[in-house]
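Knowing the structure of chain A, use the given hints to seat chain B on it.
If you're matching them up, the sequences are chains A and B in order. Here the numbering used here is used: position 443 in the first sequence is 1522, and no number is missing along the way. Here the numbering used here is used: position 201 in the second sequence is 1280, and no number is missing along the way.
Mixed in with the good hints, there may be bad ones.
Said to hold, decoys possible - So these bits of chain B aren't anywhere near chain A, every CB distance computed over 10 Å:
id : residue
1  : Gly1083
2  : Pro1186
3  : Pro1512
To be verified - Here are the computed lysine to any residue pairs in the SDA-like style, where the Cα-Cα straight-line distance is at most 25 Å:
id : chain 1 : residue 1 : chain 2 : residue 2
4  : A       : Lys1525   : B       : Ser1342
5  : A       : Lys1168   : B       : Lys1299
6  : B       : Lys1310   : B       : Ala1336
7  : B       : Lys1520   : B       : Val1408
Don't read these hints as lab results, they were simulated from the structure. These numbers were taken from a predicted model, which means no experiment stands behind them. All C-beta atoms in this analysis are idealised placements derived from N, C-alpha and C, irrespective of residue type, glycine included.
2 protein chains.
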Amino acid sequence: MDNGFFVTRENEALLTDLYELTMAAAYWANGINSTASFELYFRRLPPNRSYVLTAGLEQIIDYLLNFHFSENQIEWFRSVEQFDHLDQKFFDFLSGLRFTGELRAIPEGTTVFPLEPLLQITAPLIESQILETYLLNVLNSQSMMATKAARMVKAAAGSSVIDFGARRAQSPQAALYAARASYIGGCQGTSNVLAAFLADIPAYGTTAHSFTMAFESELKAFRAYHRVFPKRTVLLLDTYDTLEAARKAKLVGNDLAAVRIDSGDLLDLSRKVRKILDDDGLQNVQIMVSGDLNEFKIADLVSANAPIDSFGVGTELVTSYDAPALNGVYKLVEMTIGGKRISRIKTSQGKPSYPGRKQVYRYQKNHYHSHDVITLAEEAPSEDGMPMLQTYMEAGKRVVDLPSLTEIRKRAAFHLDALDPSFHDLNGAAEYPVVFSQGLKQELRKAERSIQK
Amino acid sequence: MDNGFFVTRENEALLTDLYELTMAAAYWANGINSTASFELYFRRLPPNRSYVLTAGLEQIIDYLLNFHFSENQIEWFRSVEQFDHLDQKFFDFLSGLRFTGELRAIPEGTTVFPLEPLLQITAPLIESQILETYLLNVLNSQSMMATKAARMVKAAAGSSVIDFGARRAQSPQAALYAARASYIGGCQGTSNVLAAFLADIPAYGTTAHSFTMAFESELKAFRAYHRVFPKRTVLLLDTYDTLEAARKAKLVGNDLAAVRIDSGDLLDLSRKVRKILDDDGLQNVQIMVSGDLNEFKIADLVSANAPIDSFGVGTELVTSYDAPALNGVYKLVEMTIGGKRISRIKTSQGKPSYPGRKQVYRYQKNHYHSHDVITLAEEAPSEDGMPMLQTYMEAGKRVVDLPSLTEIRKRAAFHLDALDPSFHDLNGAAEYPVVFSQGLKQELRKAERSIQK
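Only chain A is shown next, with the shape it has when bound in the complex (with noise of 0.2 Å):
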């Protein structure tokens, strides 16, 4: 393990399954690497959503850039028992192997709904099947993180979100996505310093109860640091006795930036720290708020007017904890078979799938998003819609400009205000409207009637 356990621009094209690699020496050795276009979409919602955001393309537009196999990795494959019969020239092809298709996409920070394609690939066969797993990884990973931190900034109803869970994400890469998706579904800022050195997101931090612990009294401590940061001093206040603490505030100095509540009943405990802190000509010092918080907690505390001005969030952002996983699939929907274009479907029983290649088209009506049409991609729009897939590269090159995170964030907040209100109720009881054009229909149909089983 010299390099360590980690993913990275040099071995990133190996997180793939190994069927990915199997199929495409099967492929090769059966001289089929014809053009072919495969759809990533997911089949239903995840429990109490009515939407999902998307996040993580800039990261799969990179992937898709820098892919190849090295010489040693190429040397690797040759070794492991599968592969040791195999033709010497398709590990020559594997290693000349690059990203040289189109990528169509959905950008990040746009609601998107079941069956509907957020991102496309054409590119030879081989090639756009070997991606399968890592597009499907990332899509899926930053889309639930980015859907689960806009339910919690919407139940925040304007007191700021931060994301607090490095600590709780699922690997040391998880908690990077995490933030930067969080950041992308409406959150303040992170906790994270790595993410705040790559991605230039907002770093939030204030004391762990370990501080107040290191020193001899708790006044000790919270004196200690006011003295260094004297503008930005949160204090934490139930490392011991949390009323008892707030009542230290005031002998700290006037100008503390907020009090931090970790434990205990959170609206019972503001509302008394927030009197004490008036009480005591503290009406600057803001309430913070942590400690296994959820959207349907911090909903209950707004819903009872605490006097909360920000919720540090944990596991159950970064995790999604309610729905830890998106059911993105990556689906052939088009083959070129002897210079012919072929839609593709397969008819698994509950996991169907749909022939061509498709665009969206989404419909505005009262200030709201009132649905969505599914088309072929060369189909025109019957109305007045806006085209959601853009076109991101072409022949393995990046042809338009990627947006700045802060774009794409405020991208994401439209997106979530064009949603009628309903959409917002934190059990995903609403249903959005998609439908799929007559292009798409008879295109199902004649996919159905072709299948040679």
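Same frame as chain A, now just chain B:
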């Protein structure tokens, strides 16, 4: 984003919460950096679990050996607005910061229970504090995944379980972590090629539906694959019609390794497919199933005697779907103040901590582990118990060889088998007895009296 959005050896020290750094600055400026001990433990078992299986220590040791901030990272710190007023000498201090302390831990592949210290760091306060986020992230995530895998493997009752989850993991590195942890938990291998490359975990792969769809007919696809992988062909049956596909198996060859069913009623289909294969003289062809499996569904299939040889599991395994976080915490337990070692605790509501550096002893009775006793580190155990925490690092250097992944996996199998069968009930009703020693109870009372709030 020059090197992409990855955690690597070069930047992993930054994967920490900002408050670790603000506390470091406050400790430094106040001249506080005497020896401190922190312990990592979880307070409650995750839902449905009667134990947690540890994993991740190898990555933690790698991190501790490599811990440092690079010059351009220090440069960046200086530019962060929270830090821009701090003394240059503090940045010089950070620049020279390495882990110089002691690491004691329970080995990977051990069953553990609430309040048991899984890991103990003794080092100058600033060092030991700053590690918190990363240590928690790694041990929380991998242990959670290893535990989920162990549950599935037990449910499979001898049939093999393989990790197919890379596409649903919560980031690319989470897929790596899941492959490693699930191998420790007893899985037979993984589909994840990078995990096979980096950690020599056995890799498995079959084909996707798209492979079948890329050919003019299903039979042509089956034969094309078999030509290239004659000894390792696994036919995926459910692209169009599972039973029709099963009837084609004999036309492909009698040396098939297996067939895979990925949708539909797996009990009914596995029985019907088994009969078709047997009638066609293909008794040696195994049946693998996959598709949104979890330990409960596996147990149902096993108890119905479904003729299934292996289970490919994805989403539920890699995300630990029903319990996607382990709530490990990292708490100050001892400080040296004025040359004296002083135990520390906090008394937050519902989140107490326990004083002093500890050891855990495990006891055996009639082939099973009967109970554990948590003692102070220097206490002699009252009976013939097995000490659980081992010393891995002293003065910042590793002092023992690390076990191979195979050895860790064997250790896990030993500890899982040493649990009374009731602990493998999937609903997690059993409670393992963990008691505090007299010495630890006395220390707790002493620490409570000594708190100067």
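25 Å limit on alpha-carbon distance, applied to hinted pair Lys1525/A and Ser1342/B: holds, 24 Å
_Holds or violated: Lys1520/B and Val1408/B, Cα atoms, limit 25 Å._
holds, 21 Å
Q.
Hinted pair, alpha-carbon criterion (25 Å max): Lys1310/B, Ala1336/B. Please report holds or violated.
A. With a Cα-Cα distance of about 7 Å, the restraint between Lys1310/B and Ala1336/B holds, given a limit of 25 Å.
According to the definition I'm using, a residue is off the interface if its beta carbon is farther than 10 Å from all beta carbons of the partner; does Pro1512/B meet that for chain A? Pro1512/B clear of chain A: closest Cβ-Cβ about 27 Å, beyond 10 Å.
Legend entry - Check on Pro1186/B being off the interface with chain A, judged by Cβ distance over 10 Å: holds, 17 Å
According to the definition I'm using, a residue is off the interface if its beta carbon is farther than 10 Å from all beta carbons of the partner; does Gly1083/B meet that for chain A? violated, 5 Å
Item to check | Straight-line alpha-carbon gap Lys1168/A to Lys1299/B, limit 25 Å | outcome: Given that 25 Å is the threshold and the Cα spacing comes to 23 Å, the pair holds.
Checked against the numbered hints given earlier, this structure breaks only hint 1.
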